[in-house]
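Peer 1: The primary structure of each chain is shown beneath.
Protein chains: 4
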Amino acid sequence: MLGALGKVGREVCAAVEAAEDLELVARVDAGDDLATLTEAGAEAVVDFTHPDVVMDNLRFCVEHDIHAVVGTTGFDDDRLATLGGWLEQHPATGVLIAPNFSVGAVLMMRFAAEAARFYESVEIVELHHPDKADAPSGTARRTAQLVAAARAEAGLGAPPDATSTALDGARGADVDGIRVHGLRIRGMVAHQEVVLGGLGETLTIRHDSMDRASFTPGVLLGLRRVADHPGLTVGLEAFLDA
Amino acid sequence: MLGALGKVGREVCAAVEAAEDLELVARVDAGDDLATLTEAGAEAVVDFTHPDVVMDNLRFCVEHDIHAVVGTTGFDDDRLATLGGWLEQHPATGVLIAPNFSVGAVLMMRFAAEAARFYESVEIVELHHPDKADAPSGTARRTAQLVAAARAEAGLGAPPDATSTALDGARGADVDGIRVHGLRIRGMVAHQEVVLGGLGETLTIRHDSMDRASFTPGVLLGLRRVADHPGLTVGLEAFLDA
Amino acid sequence: MLGALGKVGREVCAAVEAAEDLELVARVDAGDDLATLTEAGAEAVVDFTHPDVVMDNLRFCVEHDIHAVVGTTGFDDDRLATLGGWLEQHPATGVLIAPNFSVGAVLMMRFAAEAARFYESVEIVELHHPDKADAPSGTARRTAQLVAAARAEAGLGAPPDATSTALDGARGADVDGIRVHGLRIRGMVAHQEVVLGGLGETLTIRHDSMDRASFTPGVLLGLRRVADHPGLTVGLEAFLDA
Amino acid sequence: MLGALGKVGREVCAAVEAAEDLELVARVDAGDDLATLTEAGAEAVVDFTHPDVVMDNLRFCVEHDIHAVVGTTGFDDDRLATLGGWLEQHPATGVLIAPNFSVGAVLMMRFAAEAARFYESVEIVELHHPDKADAPSGTARRTAQLVAAARAEAGLGAPPDATSTALDGARGADVDGIRVHGLRIRGMVAHQEVVLGGLGETLTIRHDSMDRASFTPGVLLGLRRVADHPGLTVGLEAFLDA
Numbered sequence: 001m002l003g004a005l006g007k008v009g010r011e012v013c014a015a016v017e018a019a020e021d022l023e024l025v026a027r028v029d030a031g032d033d034l035a036t037l038t039e040a041g042a043e044a045v046v047d048f049t050h051p052d053v054v055m056d057n058l059r060f061c062v063e064h065d066i067h068a069v070v071g072t073t074g075f076d077d078d079r080l081a082t083l084g085g086w087l088e089q090h091p092a093t094g095v096l097i098a099p100n101f102s103v104g105a106v107l108m109m110r111f112a113a114e115a116a117r118f119y120e121s122v123e124i125v126e127l128h129h130p131d132k133a134d135a136p137s138g139t140a141r142r143t144a145q146l147v148a149a150a151r152a153e154a155g156l157g158a159p160p161d162a163t164s165t166a167l168d169g170a171r172g173a174d175v176d177g178i179r180v181h182g183l184r185i186r187g188m189v190a191h192q193e194v195v196l197g198g199l200g201e202t203l204t205i206r207h208d209s210m211d212r213a214s215f216t217p218g219v220l221l222g223l224r225r226v227a228d229h230p231g232l233t234v235g236l237e238a239f240l241d242a
Numbered sequence: 001m002l003g004a005l006g007k008v009g010r011e012v013c014a015a016v017e018a019a020e021d022l023e024l025v026a027r028v029d030a031g032d033d034l035a036t037l038t039e040a041g042a043e044a045v046v047d048f049t050h051p052d053v054v055m056d057n058l059r060f061c062v063e064h065d066i067h068a069v070v071g072t073t074g075f076d077d078d079r080l081a082t083l084g085g086w087l088e089q090h091p092a093t094g095v096l097i098a099p100n101f102s103v104g105a106v107l108m109m110r111f112a113a114e115a116a117r118f119y120e121s122v123e124i125v126e127l128h129h130p131d132k133a134d135a136p137s138g139t140a141r142r143t144a145q146l147v148a149a150a151r152a153e154a155g156l157g158a159p160p161d162a163t164s165t166a167l168d169g170a171r172g173a174d175v176d177g178i179r180v181h182g183l184r185i186r187g188m189v190a191h192q193e194v195v196l197g198g199l200g201e202t203l204t205i206r207h208d209s210m211d212r213a214s215f216t217p218g219v220l221l222g223l224r225r226v227a228d229h230p231g232l233t234v235g236l237e238a239f240l241d242a
Numbered sequence: 001m002l003g004a005l006g007k008v009g010r011e012v013c014a015a016v017e018a019a020e021d022l023e024l025v026a027r028v029d030a031g032d033d034l035a036t037l038t039e040a041g042a043e044a045v046v047d048f049t050h051p052d053v054v055m056d057n058l059r060f061c062v063e064h065d066i067h068a069v070v071g072t073t074g075f076d077d078d079r080l081a082t083l084g085g086w087l088e089q090h091p092a093t094g095v096l097i098a099p100n101f102s103v104g105a106v107l108m109m110r111f112a113a114e115a116a117r118f119y120e121s122v123e124i125v126e127l128h129h130p131d132k133a134d135a136p137s138g139t140a141r142r143t144a145q146l147v148a149a150a151r152a153e154a155g156l157g158a159p160p161d162a163t164s165t166a167l168d169g170a171r172g173a174d175v176d177g178i179r180v181h182g183l184r185i186r187g188m189v190a191h192q193e194v195v196l197g198g199l200g201e202t203l204t205i206r207h208d209s210m211d212r213a214s215f216t217p218g219v220l221l222g223l224r225r226v227a228d229h230p231g232l233t234v235g236l237e238a239f240l241d242a
Numbered sequence: 001m002l003g004a005l006g007k008v009g010r011e012v013c014a015a016v017e018a019a020e021d022l023e024l025v026a027r028v029d030a031g032d033d034l035a036t037l038t039e040a041g042a043e044a045v046v047d048f049t050h051p052d053v054v055m056d057n058l059r060f061c062v063e064h065d066i067h068a069v070v071g072t073t074g075f076d077d078d079r080l081a082t083l084g085g086w087l088e089q090h091p092a093t094g095v096l097i098a099p100n101f102s103v104g105a106v107l108m109m110r111f112a113a114e115a116a117r118f119y120e121s122v123e124i125v126e127l128h129h130p131d132k133a134d135a136p137s138g139t140a141r142r143t144a145q146l147v148a149a150a151r152a153e154a155g156l157g158a159p160p161d162a163t164s165t166a167l168d169g170a171r172g173a174d175v176d177g178i179r180v181h182g183l184r185i186r187g188m189v190a191h192q193e194v195v196l197g198g199l200g201e202t203l204t205i206r207h208d209s210m211d212r213a214s215f216t217p218g219v220l221l222g223l224r225r226v227a228d229h230p231g232l233t234v235g236l237e238a239f240l241d242a
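Chains as they are written, first to last, in the UniProt record's numbering: chain A, 1 to 242; chain B, 1 to 242; chain C, 1 to 242; chain D, 1 to 242.
Quick caveat, the hints were computed from the structure, so don't treat them as lab data.
Owing to the predicted nature of the structure, the values given are computational and were not obtained by experimental measurement.
Do not rely on the hints blindly, as some may be mistaken.
[Said to hold, decoys possible] Straight-line C-alpha distance at most 27 Å; calculated DSS-like pairs for lysine-lysine:
1) C:K132 - C:K7
2) B:K7 - C:K7
3) D:K7 - D:K132
4) A:K7 - A:K132
5) D:K7 - A:K7
6) B:K132 - B:K7
Work out the full structure, taking the sequences as your base and the hints as a guide.
Peer 2: Structure follows, in structure tokens:
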């Protein structure tokens, strides 16, 4: 574990130790020597560190053929290209960069996009605690984009809407033609609902994240499958199939 | 039944006939003589007719001490005052004027207002078919007003909201300080959810109206209780207690 | 349309006429000559008739290279084998036999099975009108079987459950190790919710069928895609991908 | 605060300190002298201690005219009678004994009972984490009893149910004639839904408790209102009106 003393790192360490099929061989944090990893015989690392150090960490791992599952942020196209270059020389090594390790959020987005082709109407409702600064949430925007792309590909036009008189904001925000509504409610954590409808029926896909611990199953899934996905993978989605 | 041949009238007639404790003694429609009511010994009438004729119908009923349950629209303050004047002379007769006979919608509004005093946060989501012209719905606006009034009475300020960057409309419409979100989805009929939240818990009150027939239980409730509510009553709410 | 005068047939005819990319060329019902189909130049038929006549209808269609979308019931292994034999001689002709044309129900089952691999817990709640004779519903049983199979394939054991004292029935019915709960509520039509949960998060997939008309989009989907699926297909699922 | 060092006590202390209209004057735990309360000028105490000591605590409080809000368990009829005797001599002092301080749970039960009179059908679904030992939950049983009592008072018979073939448990547990269904799902905390239905409409009341902290608003409510309710009160319900 790289970033083993951080909040996330500690939870990942605990989860790895609790898993029967995984073994925690090294905890590394700021100031520690990366050689600890090779000495401990690490086959794969999890990196939740900082944008300033993650590239150095990954160069070391790739050079030593250690797979990596990365939740650290700050990957732009340049960084991804650099990383891809390193991996070309180590074709058996896999690196997973994921902005969101919640399996539920990833499945919700996938199912929403799959279902979108079959329904006239679709809207998104996200519900979060009232201390959140942005509306709608990043996940809701991303879902709307995926849904809009799936509709376009299926040849669907704008969802039907006969609204002729409305209060400002009553019909939500418009993200690529999809309506998105954000609620801010004390007691909530992070929740989202995608509502799809056609003649006489509706389909609703809802994800409720009640606890930050919800990212650990996705990290473990990444660890278990990263060796089967050599090269660079962006997004946990690709790991959900195999 | 006044307006017995109309769409609503026919459903009410069927419901009255199916009820063991009620008897349908007369079906009256445009062109029929109101004397049919007294000849048939009607104790109470249901009026779903037209604003042009409803006042004549009610004058006849009040004069003959027949209670009335009225779903016809178009009652302004003048009409209510006129009606109140007639009833003063017939103190045992009851008239119920209700804009909404859905027991569920009335209960949802009542519960929302009752609960609003105890929660930091509250928002309203309404979901309707996409042929609806106005957003938010009248019921959602009315609910927001009742909730806002209950909060004010309890000394609560604005619900917490740290949103600092938002897309237009993402946080819904503002009705008396309460956020209201309207979805338009094919396959839906008329649905509303009031979401309340405080430290570590949320309370959600949801009403789903799947069929126009949902007004008939409210009409029957009105018929059964109108004799116990002499004078003029506006809104089904007052009948839900006794 | 075969069975054009039946309740379903009439709705399908109306839906085909309303669709811009489809043309209704013949309405056939009991007593009509099947030759009407060839004379009218039918490329594909929809059959909602009766188990007694459906095989004769399909033999005629296959022999004349007319694709068929079939909602009529009563297909056992013998009938499917017979049909498969006919189709071997007409390799470009497609026949779709579907027990359920609700796209939403089919998607719900597919998504539930896909997600089941990633969650410790899963249970099913179905809600129907109180006149329904069987509990749980056929769709709920089928969903439970698919979910159980997906869990087994993923190497998951029984969902966690520490219940040590329970009232009879409190934990629902057991279908292949998956708990299924059936509610019977006046006002409901046909609804189902699959609830999946893991550490700190839950995923809920809900299908609400408010109206019998909900099968028509599935029938139209079948009509549009049957030519691209030569041979015999059982279940609408296979048509949702291409 | 009595029991100030316990898990609950610490959270209550923090909440009282954060409240502008309340002042925390004394933290008392096992071994401390109760005279601390009078010396500090406490007007009201919260007691989350132990059945073994709570009666001594309350005798001291009542004798010194200190109001009390009590979450400690173990109150049988004998204890309540003893407590009532003490209070007779101090008619201005109020004691609230509440088994459940969740405002949401109390409101859900109240609304369910109020609405039950108006609906043909009602069932209860409770969802909890899979480590829970009993099914259905105590709150669900209590809700079912309140709903059953309300229906009986309104003259309603058994809810309609035409089920003729069912798997064991499919229709849930029977609590006073009301069907109750318990789900056990990893990731859930404590949730309950009461589903009511009549002709063409349903009303759903849902309570989600995501965090143990959800009891603190109820405790603060008790503190603020206990002086206005002299004598013995059992259950937070009575405090929700004034």
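Peer 1: So, for every hint listed, does it hold in this structure?
Peer 2: Results of checking the hints against the structure:
no., hint, verdict
1, C:K132 - C:K7, "holds, 20 Å"
2, B:K7 - C:K7, "holds, 22 Å"
3, D:K7 - D:K132, "holds, 20 Å"
4, A:K7 - A:K132, "holds, 20 Å"
5, D:K7 - A:K7, "holds, 23 Å"
6, B:K132 - B:K7, "holds, 20 Å"
The structure fails none of the hints (numbered hints given earlier).
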